[in-house]
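Asks: Using the sequences and the accompanying hints, generate a full structural model.
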Amino acid sequence: MISPTSRFSAYMAVTALVISVALLLDPGALPVATTLLALEVAMSFHLWLSMGAVERLGVEVSIDASTDREPVTIRIRLVNRGFYPILLAEYSLGYEPILRLEKGSKAGILMAPSRGAAELVFVFGARVGIHKVGPLTLAVRDFLGLFKSQPIVVWRGSSFRVIPSTEAAVLKRLHLYTRSSGLVRSRRPGEGIEFYDVRDYRSGDELRRVVWRIYASRQKLAVWEAERESYQAIVYIVNSSRDMWTGAPKATPIEHSARVIASIARYAASRGYLQAAVIVNECGVWVSGAPAYGRQGLARVLETLASVGICMAGERVDWSKTLANMIPSLPRERIFIFIFTKTTPNTEQLLDLATKLSTLGHRVYIVAPLTATYDISHRLPQKLTEVYRAKQLEVATEELKGVELLRKAGMKVIAVSPQLVAQRIVQAIELSS
Amino acid sequence: MSMQLKKGPSQRAFVSTALIALLIAVGLLALVEKGPVASGIPIGASPLNPMALGTSHLVDLAARNYSTLVAYSFRELGNVDGGLCVYFTISPELPYTVKEAKTVISILRERCSKLKVFVADESTYSNPLLQVLNSSIRIDGNRIYIAIATGVKEVSSGLALIALNLSSPYPPAEIIVRDIHRLVLDKASSVSGGIPTGQAYTYSDREILCLVNSSGDVYRCASTFDIASKEVVNGVNVFVIGDGSILLNQVLASNKSEYLAFARDLLSYLCEDSPHCTIIFDAMHYPSISPRDILSNPSYSIQKLVRDPTTLLYTTISILAVLLHPSLWLPPLILGLSSLLTVLVTGFVSAIIIFIFTLVIYRILMSGARTSRDYRLPEQVEEEIGVFAELRKTIASGKAELSKQDFVALCQTLDTLLKFYSGSGLWSEYALNVLAELIGDEKKAYRELQWVLKMYGKAIGRGRLSLFVSWGRAVKRLMGLVEEVGERISERLGVSII
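Chains as they are written, first to last, in the numbering used here: chain A, 1 to 433; chain B, 1 to 498.
Hints in this document: simulated from the structure, not taken from any laboratory. Hints are supplied without guarantee of correctness; some may be wrong.
[Unchecked claim] With a straight-line cut-off of 25 Å between C-alpha atoms, the simulated SDA-like cross-links for lysine to any residue are:
no. : chain 1 : residue 1 : chain 2 : residue 2
1   : B       : Lys404    : A       : Tyr388
2   : A       : Lys132    : B       : Glu390
3   : A       : Lys412    : B       : Ser422
4   : B       : Lys393    : A       : Met312
5   : B       : Lys419    : A       : Thr359
6   : A       : Lys412    : A       : Thr359
7   : A       : Lys391    : B       : Leu453
8   : B       : Lys393    : A       : Glu386
9   : A       : Lys103    : B       : Val381
[To be verified] Calculated from the model, a selection of chain A residues having no Cβ within reach of chain B, i.e. all distances over 12 Å:
no. : residue
10  : Glu55
11  : Val61
12  : Asp64
13  : Lys106
14  : Tyr201
15  : Asp205
16  : Tyr215
17  : Gly272
[Stated by the list, open to error] Here's a subset of chain B near chain A, in silico, CB distances under 7 Å, partners left out:
no. : residue
18  : Tyr259
19  : Leu260
20  : Leu323
21  : Leu330
22  : Pro332
23  : Thr358
24  : Met366
25  : Ala369
26  : Glu379
27  : Leu391
28  : Asp406
29  : Lys476
Every residue, glycine too, gets a C-beta built ideally from N, C-alpha and C.
Replies: Next up, the structure:
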């Protein structure tokens, strides 16, 4: 739909004046009046043709998104299939407010020649989770700005997923730590391939386990025993509520937690552990399914983390729903459950969830990132910094009180600095084997 | 997933509106001073005409290998600075005068070390140019027709008049440049003088070529006629063809490649394959139609200009370019405004009448039109969300101040920290010991603890002293203490708390 702008009123007022002068005073003004009217008609006709071209635009979109290390590149190709060129179209791209456009312009002017195409390239900084980009809206004007089309949505938008990258440094630290401390050993005889000890032969022992060298020297049958391979089942519950997105892009508690989980999950997959993930936010609960072994488990965890999204609706996370949703997927045997969450605002519900899971025999750890430690860049003038810091400390106090409450109730809370989170979790898993 | 589109924050302009208006006014005046983009739409075989009957394609072709110059006034000829110059004139629509021809040749002789003149014309308009060059070549200005003898018309005094039927003005011809080119001419004229380099002939022996004069009478017939000649006069090479249509855009752009090959060979021959060659295309002898002419006599103009959709588009754009140029509308507008002002000042009654009339016309023109303000499309706003987003906005707006409530809250923070570390809070009997252990200075710990407790009492209304307190300063001091305690705890426990 085409509507005249306020410029059109002014233009027509001038035209009316020239016409009156031509009719009443000076016929010499008639060519000018005719020109003014003709120009108005020409502009209207041009816009009508441009609108037709915009409505028939073909849109080809390619989204290149992988991990949060590489930027997300979105190419939108607008193909003008008609013979009439789109000469003056204003565009505006909508996207989630938390995304940061690094290259490209979110709004501007574009031209699409007849039988040609215009390509818009947008490069966003990748953030873990599922994000929506779009719609792309176009509005067409004539050269003089007398008429303007209503905004036309040429592309409704699309979602893309970004999986968290593993931090090589964290992985290396994990392997070094577990190797040097001997944590990965179960220190019990059983099924496995690592040597544990040599003991006397008992009836029923396999002959291939007999150590013939001992028999040759001592004339006594002895067999070697393997160390029982330890394996665990781990479920990561991640709170992706709005508060977990506090801080600088890519360095928010949720994104840091996702990278830590990805690193631990890769480590655990290499050890053949069972793994699953659950995402919780104000909009609902997403469960990856029952814990799976090795690489399959890792894939499930990463896929679920890539589904982390921001919910702009809803007030709070409903932890009771979390329990109801994940219970069917939990195995009967003891598993490790790590809940990555802020301890406030509904600490009681969180405590209730942790208690119920503990009652079922599972080992529950609450990993509590303190949001104040993540909010490092506030971009405030120096004179306001101290006021901000004071208010920030009040929030930190609330969170610490939450940690305190959970600890008093007997919950294991990991509230360490971000660099140590992965190490503490692995320590918890391996020491409990 | 919700999307948030907001209008961008209003920003103060660096350049004021008045300055922009002034710059626009200066720009408009400069444009008026410079004159219109073109005096009108060129017609005929003008090198400025990109339509079917123009020769702009030839200019483009020449520009690929040589310097080219389109001379639409004698002033442009003064810019020529070359060794070898070739002056092209193709089917001029306005005749050369001897004076003009002399001027052209004298300028070119002066500016170029070597001069060649190429004429492709079926009229006699170019002959003054040849005359000035002292060339013996002339274009006869007739038309060569293919004719078929239909019988003997009359026999008298021993002469037999043969009845002829003029079948076509498109005879085939051979023109020798470097290669021999076989082309079909379009209403060509014979040429005389010089060394013949091209001849028109017939398709079959049954046919004959006849020359028809301007009144339409056949005055001579033969099997061939010269249609191209060349000669060298006073060091100037002259090449003449009695037909300009073989170099028009419609011919060069057609799917018949022989014309393009001819044009290439001609350019290459005349320029002697030298990259230092300058080709000057005459654009002075073609009329142009001004937009005023088109508006005053649309039927004539349309008949002359609009031949196909491309021409229509070009004409429309050219007219728009001229119409939009301030040189057309600004002077009449200022004059109009001036006369309007005069009317308003001198005749109040007529001003009222004009005003009312304007209002009526405006209402008629605007009937049914619902205007709206032309806002730009809303831009996506990138926002931070989370616990501190709102807090940051409040503080940035300057609404937040430090108060005694903040002091109380920070006391609770200190209490929580101490409990977190040792289990004993700020108000416990062990607080001093814990604080001293963390700070590492018992006296300082005592001093700070006493101050905190005293100020806390004042903040909650239990104590009276001190009488005058700056809560902003007090909060900042307490914050320093809290941060110090936090750092010590994180050093000891590996726990980053604040």
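Asks: So, for every hint listed, does it hold in this structure?
Replies: Evaluation of the provided hints:
The suggested pairing of Lys404/B with Tyr388/A holds, with an alpha-carbon distance near 15 Å, which does not exceed 25 Å. Note on Lys132/A and Glu390/B: the hinted pairing holds, with a Cα-Cα distance of about 23 Å set against a maximum of 25 Å. Annotation: proposed proximity of Lys412/A to Ser422/B holds, straight-line Cα distance about 17 Å (limit 25 Å). For a cut-off of 25 Å, the pair hint linking Lys393/B to Met312/A stands: about 18 Å separates their Cα positions.
For the suggested pair Lys419/B and Thr359/A, the alpha carbons sit about 28 Å apart, so the restraint of at most 25 Å is broken. For the proposed pair Lys412/A and Thr359/A, the alpha carbon gap of about 14 Å is at most 25 Å, so the pair holds. Proximity of Lys391/A to Leu453/B is assessed by CA-CA distance (about 20 Å); at most 25 Å being required, the pair is judged to hold. Restraint check for Lys393/B and Glu386/A: satisfied, since their Cα atoms lie roughly 15 Å apart, inside the 25 Å limit.
Distance hint between Lys103/A and Val381/B is fulfilled; the C-alpha atoms sit about 15 Å from each other, no more than 25 Å. No Cβ of chain B comes within 12 Å of the Cβ of Glu55/A; the nearest lies about 17 Å off, and the non-interface call holds. The claim that Val61/A lies off the interface holds: its Cβ sits roughly 17 Å from the closest Cβ of chain B, which is beyond the 12 Å cut-off. Listed as a non-interface residue, Asp64/A keeps its Cβ farther than 12 Å from every Cβ of chain B; the least gap is roughly 20 Å.
Interface exclusion of Lys106/A from chain B breaks down, the closest Cβ pair being 5 Å apart, not more than 12 Å. Listed as a non-interface residue, Tyr201/A keeps its Cβ farther than 12 Å from every Cβ of chain B; the least gap is roughly 49 Å. The non-interface label for Asp205/A is consistent with chain B: the shortest C-beta to C-beta separation is roughly 47 Å, beyond 12 Å. At roughly 52 Å, the least C-beta separation between Tyr215/A and chain B is larger than 12 Å, which holds for a residue marked as non-interface.
For Gly272/A, the requirement that its beta carbon stay farther than 12 Å from each beta carbon of chain B is met, with the minimum near 30 Å. Interface hint at Tyr259/B: violated, since its Cβ lies 28 Å from the closest Cβ of chain A, which is beyond the 7 Å cut-off. Here the hint on Leu260/B is broken, as its CB sits about 25 Å from the closest CB of chain A, past 7 Å. At about 6 Å, the closest approach between the beta carbon of Leu323/B and any beta carbon in chain A falls short of 7 Å, and the interface hint on this residue holds.
Against a cut-off of 7 Å between C-beta atoms, the interface hint on Leu330/B is violated, since the closest Cβ of chain A lies about 11 Å away. With 7 Å as the threshold, the beta carbon of Pro332/B comes within range of chain A, its nearest partner Cβ sitting at about 5 Å, so the hint holds. With a least beta-carbon distance of about 4 Å to chain A, the hint placing Thr358/B at the interface is held under the 7 Å criterion. Look at Met366/B: its Cβ gets to within about 6 Å of chain A, closer than 7 Å, so that hint holds up.
Residue-level restraint check for Ala369/B holds (minimum Cβ-Cβ distance to chain A is 5 Å; threshold 7 Å). Against a cut-off of 7 Å between C-beta atoms, the interface hint on Glu379/B holds, since the closest Cβ of chain A lies about 5 Å away. A hinted interface residue such as Leu391/B counts as satisfied when its beta carbon comes closer than 7 Å to some beta carbon of chain A; here the least separation is about 5 Å, so the hint holds. The criterion of a C-beta within 7 Å of any C-beta in chain A is met by Asp406/B, whose closest approach is roughly 5 Å, and the hint holds.
A distance limit of 7 Å between C-beta atoms decides the matter here; for Lys476/B the minimum to chain A is near 5 Å, and the interface restraint holds.
In summary, the structure is inconsistent with hints 5, 13, 18, 19 and 21 from the numbered list given earlier, while agreeing with the others.
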